[in-house]
Amino acid sequence: MKTSEIVKYILLALGLCLIQFIVLDKLQLSTYLQPQILVLIPLILPIQTRRPSLFLIAFAIGMIADFFLNTFGLNTFCMVLVAYLRSFWLPKEDNPRPEFNVVPSLQIVLNPKWISYILILSAIYHFSYFILEYMAIKYFFRILLTALLSTALSIFVQWIIYQLFLKNRI
Amino acid sequence: MRRILAFLIAKRNLLLFIFLELIALGSIFRFHRYQRSLYLNNANAMGASLNATQTKWTNYFNLEELNTKLHKQNQGLLAGKQDTLDEIITDSFGWFAKLNLHNFEVIDAEIIFNSTNRPVNTFVINKGSRDGIEKGLGVSSTQGIIGKIIEVNQNYALGLSILNVKSPVVMPKISELTNKSGSIEWDGLNPKKVRLKGIHKFENVEKGNHVVSSGYSINFPENIPVGIISKLNKTNESFFQIEVDLAANLAQDKFVYVFKNRNRKQIDSLISNPQIMP
Numbered sequence: 001m002k003t004s005e006i007v008k009y010i011l012l013a014l015g016l017c018l019i020q021f022i023v024l025d026k027l028q029l030s031t032y033l034q035p036q037i038l039v040l041i042p043l044i045l046p047i048q049t050r051r052p053s054l055f056l057i058a059f060a061i062g063m064i065a066d067f068f069l070n071t072f073g074l075n076t077f078c079m080v081l082v083a084y085l086r087s088f089w090l091p092k093e094d095n096p097r098p099e100f101n102v103v104p105s106l107q108i109v110l111n112p113k114w115i116s117y118i119l120i121l122s123a124i125y126h127f128s129y130f131i132l133e134y135m136a137i138k139y140f141f142r143i144l145l146t147a148l149l150s151t152a153l154s155i156f157v158q159w160i161i162y163q164l165f166l167k168n169r170i
Numbered sequence: 001m002r003r004i005l006a007f008l009i010a011k012r013n014l015l016l017f018i019f020l021e022l023i024a025l026g027s028i029f030r031f032h033r034y035q036r037s038l039y040l041n042n043a044n045a046m047g048a049s050l051n052a053t054q055t056k057w058t059n060y061f062n063l064e065e066l067n068t069k070l071h072k073q074n075q076g077l078l079a080g081k082q083d084t085l086d087e088i089i090t091d092s093f094g095w096f097a098k099l100n101l102h103n104f105e106v107i108d109a110e111i112i113f114n115s116t117n118r119p120v121n122t123f124v125i126n127k128g129s130r131d132g133i134e135k136g137l138g139v140s141s142t143q144g145i146i147g148k149i150i151e152v153n154q155n156y157a158l159g160l161s162i163l164n165v166k167s168p169v170v171m172p173k174i175s176e177l178t179n180k181s182g183s184i185e186w187d188g189l190n191p192k193k194v195r196l197k198g199i200h201k202f203e204n205v206e207k208g209n210h211v212v213s214s215g216y217s218i219n220f221p222e223n224i225p226v227g228i229i230s231k232l233n234k235t236n237e238s239f240f241q242i243e244v245d246l247a248a249n250l251a252q253d254k255f256v257y258v259f260k261n262r263n264r265k266q267i268d269s270l271i272s273n274p275q276i277m278p
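Chains A and B are the protein sequences, given in the same order.
Mapping the first sequence onto the working numbering, position 141 (from 1) lands on 141, and the numbers just tick up by one.
Mapping the second sequence onto the working numbering, position 159 (from 1) lands on 159, and the numbers just tick up by one.
One or more of the hints may lead you astray.
[To be verified] Okay, derived cross-link-like pairs now, BS3-like style, lysine-lysine, Cα gap no bigger than 30 Å in a straight line:
1. B:K193 / A:K26
2. B:K180 / B:K192
3. B:K166 / A:K26
Hints were generated in silico from the structure; no laboratory data involved.
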């Protein structure tokens, strides 16, 4: 990855952290609606990013987010989990096929393959986040509902952010 | 040995993944035990500082409301109207004046971050160890109890809100019934209501009774409001199902008081001394 690209992703991560911290966490819409937009970061890192680098980037960004949001490792855990799982949707970095040689950004979200990529990984992020936050099986259905509703809202917010700030940049 | 090395090299990505996840889980479990947290150190002071700046700006927009309230209080004081004064006292400090604070030091602070929609809600206040704040101290707003301090750094302190599904922050009692304490439980849904548990069905509890701190804990003086009983159900079990409207408005209260028991260290040393336990 070029230096300019690294800077671009760091700025994006900081921007998303600020939006999460200043806007989404302060809105406090409902117990069932807690969108986590930081999931976008491991999802849109370039396909060529090597897995150890990907994990470490996800870990570092998760730690920064946890510092700001008082979430005590929740974002770090989910970020690394999604960074690990995304490889099951994407080809191996050392054997990139030309048709996949793109950043999996929201630009191509209309492609059914990418819809499932964004949806399922966002849902996994939210589900694991709330399981760890509640840490009690008696709240399972509430966790499930919160994860589903928050995933839907999170994708909507990600789409707005993409349209407003990222469309011509990533 | 070579095989082990070859295995480790082959699985290095998986091992790195597991290693990083274990670090993250370690942080989460530390928080859930409420013993200590990694995060309210100097690095997190950045987050608290950002919160403080934001609060400064949002407070600016609330000035009109505050001014109106102060104006009303001033009017009452200047006119010497007993009704208005009574209203002011009942509205805010009625309970405070009646507290027995002989063993307590009261530190005022301002909330700079607060959440109410999470299963485990927290808040950050703008006072820290430099101002005498310590872990475990009880926190109330001018309306009622809001939580207790769980982590402190030099300038800020992190509090565990009464709105959490994990750990009760106060041992309450019903003020109309002497010495009947129970426990508070939040269902994780409505930030204005909690449940009072452990009150036996033969007790003479009524709707409208006041739930206050019992004084059995060293974190809070006795009689700080928790809320008012709004619903009372008898079930097949031995205990009432009691719903309590919280006195404090967790989403809006900004100014808080931290209660520091002057004998806390002595009491703690007695409780935590394993040699005197049977």
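Name the hints, by number, that the structure is in violation of. none
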